[in-house]
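Visitor: Residue-level listing of the chains:
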Amino acid sequence: MKFMDEYRDEKLAQKLIAEIKRIVTRPWVLMEVCGGQTHSIVKYGIDRLLPKEIELVHGPGCPVCVTSLEMIDKAHAIARRPDVIFCSFGDMLRVPGSDADLLVLKSRGADVRVVYSPIDCLKIARANPDKKVVFFAIGFETTAPANAMSVWQAHKQGINNFSVLVSHVLVPPAISAILQSPGNRVQGFLGPGHVCTVVGYHEYEPLAKQFNVPIVVTGFEPLDLLEGTLMAVRQLEEGRAEVENQYPRVVQREGNRAAQELVNSVFEVSDRKWRGIGSIPQSGLTLRAEFSEYDAERIFDVQSINTQESGACISGLVLRGAKKPHDCPAFGKTCTPEHPLGATMVSAEGACAAYYAYGRHLHHPKPAEQDKASAS
Amino acid sequence: MNKPADITPAFGSCPLPITDHKEVVLPHGSGGKLSQQLIQKMILPSFKNELLQPLHDGAIFSIGNTRLAFSTDSFVVSPLFFPGGDIGDLAINGTVNDLAMCGAKPLYLSAAFIIEEGLPMDDLWRVIQSMRRAADRAGVALVTGDTKVVDRGKGDKLFINTSGIGLVHDGVNIQPTRATPGDKVIVSGHIAVHGIAIMSVREGLEFETEIASDTAPLNGLTEAILAVCPDIHVLRDPTRGGVTSALSEIAEAAHVGIRLEESRIPISEEVKGACEILGLDPLYVANEGKLIAIVPADSTEAVLAAMRAHPLGKDAAIIGEVVTDHPRFVTMKTRVGGTRVVDMLSGEQLPRIC
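Those protein sequences? They're chains A and B, same order as listed. 376 is the number that our numbering gives the last residue of the first sequence; the numbers go up by one with no jumps. 730 is the number that our numbering gives the last residue of the second sequence; the numbers go up by one with no jumps.
Incorrect hints may have been included.
Computed Cβ-Cβ distance ranges for the label pairs, DEER-style [to be verified]:
(1) A:333 / B:556: 28 to 34 Å
(2) A:129 / B:496: 23 to 29 Å
(3) B:496 / A:123: 20 to 26 Å
(4) A:81 / B:557: 53 to 59 Å
(5) B:556 / A:327: 53 to 59 Å
It is worth saying that the hints were derived from the structure and are not from the lab. Just so you know, even glycine gets a beta-carbon here, dropped at the ideal spot from N, CA and C.
Could you put together the complete structure from these sequences and hints?
Guide: Rendered as structure tokens:
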């Protein structure tokens, strides 16, 4: 496929791997921030093609995984109501709350619908004037513009049976939190390409400087990830700590101004609780006061739900890159995608689920191709 | 942003696990692991017998000197009409194909209709005419049936069940357990077409060229294969759960490994594009007019040539082989040279957020 196959070319991949091997002189720990990057790395087996000096740890950039249990419980309380049509991105449906997941609620009679775009919810709201349509607005800066647009359009079109349950999170505060956490091992970042498409990467420059850490804004295809790794390793080897852009075909330093303006007009920055990490100051987005009539938390009076997360799994450590999925004794045994114990096993973008889906829980001899590839 | 972060101690992020579903949820019907769970936990223990045990596309048994194949399938597709077909031809082709995958010549079909009150008579007529044409094309007779009507809201317009009987060719022994190391894995054409055709209609996606379902009767193609290789080991039509589920079931049943090569799997540009947009992996998307053949190595070229000579197999390709390594698992050499396991999904593929 044009503009896609070019970035999955085996010969070019081998060239990049050879170059990484040529320049690396000592072990480095890199974190890819985005869940989509984690998914791609494990899907294509990229981490296993890299020289042993390079360790990739997986970051907190799966929006489904970091949505707090409390927020999931709020979503479920709303979705259970007979007067509600509850709309969500697909991979949120299997995330367990304290009691059930949205698929189970659906089987019990809740009207739960998967949408690809929050704008679709407005169509559903118009077609069901006797129902209250609620969209679960989660995600990083990437989904914020579309989610903001749904509120903006509802306001403009006078749709008053639509609201959003907002649990937006922001990447830079999470990177900052990871770098300040005790025992942090991360020495360089593959920055989130699609987040930066919206917000640009100037916000990352103070982070690189403050923590003396290279950040390479990176895409999602195999060659993007390999090139991003090469650029980060080169910086580390040369003792540089800069923000570089591997993904210029999509990302510009200033980002998408129109999208930013829309987001800023609908949302404002606020504290946010992250699953597995805890509360991070100024790390999320909430609706501005002038849009409070679209705030599902207020409309359905679920602010008082306050769920404490139990301590049975290590997804907090996985989300911060301190542990790998297979460091967990439950991984692939008592914790599987059918019976997830934690959020990182639920979404396809979660590190545990990606490891599981692509067979990292299995102990079988490596196929010959892989041995060949890693020996070359 | 530069305030020190308030981080709670390391552990602390788990909800109570959902250990067992108390209710049936949609993924139980997806053809993945939860479907398997239903079969293994409820169906097999209750009805245990040697014909059911192999969990093939149909049961194969003898009456006198005649070997018969018997299969059934239900159709609940929404929308009823989609590019390339409708619930009617799907219902005929589905059971015809299940019989063909047993190495049988499909003969007689039954059809049962569960109709929701209010279904336009014109729609029902269109479906029935489509079934008639599909039956003619496959060379089968619809010989018995049933109709039921349910209250409005108690069904989704129209559900159809078809069952069928076919005659198994002499000397043919097709079983998932016969997959043997050294065998080649052949797919009869571009994968993931049907699932994407349905998804495109549901999501209102428009592409430069319309993606039409591949629904088709495969008994002509299997006849062509059996003519050159009666000793074919396994045939399977990768419907629900796609190529992955079909191959995982075979690897499991035969206790062998299957190794695929991503770059050899035929996928059309349109379907690839749609999968990228929808966030789906084509290996898990349903097919309705494709088959997978597991073929003894020395017959590979003959089978491939016979398939390519048939209109429904012109894009057939060898996509992998059966191996002794990693028994019970399917692996794939990825496009960039890495390797990964291709595992059955637990439920439906859910579109990813970004």
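Visitor: Each hint needs a verdict: does it hold in this structure or not?
Guide: How the hints compare with the structure:
The hinted window of 28 to 34 Å between residue 333 of chain A and residue 556 of chain B holds, with their beta carbons roughly 31 Å apart. With their beta carbons about 25 Å apart, residue 129 of chain A and residue 496 of chain B fall inside the hinted range of 23 to 29 Å. Range check, residue 496 of chain B to residue 123 of chain A: about 24 Å between beta-carbon atoms, so the 20 to 26 Å window is met. For the pair residue 81 of chain A and residue 557 of chain B, the supplied restraint of 53 to 59 Å holds, since their beta-carbon distance comes to about 56 Å.
Between residue 556 of chain B and residue 327 of chain A the Cβ separation comes to about 38 Å, which falls outside the hinted range of 53 to 59 Å.
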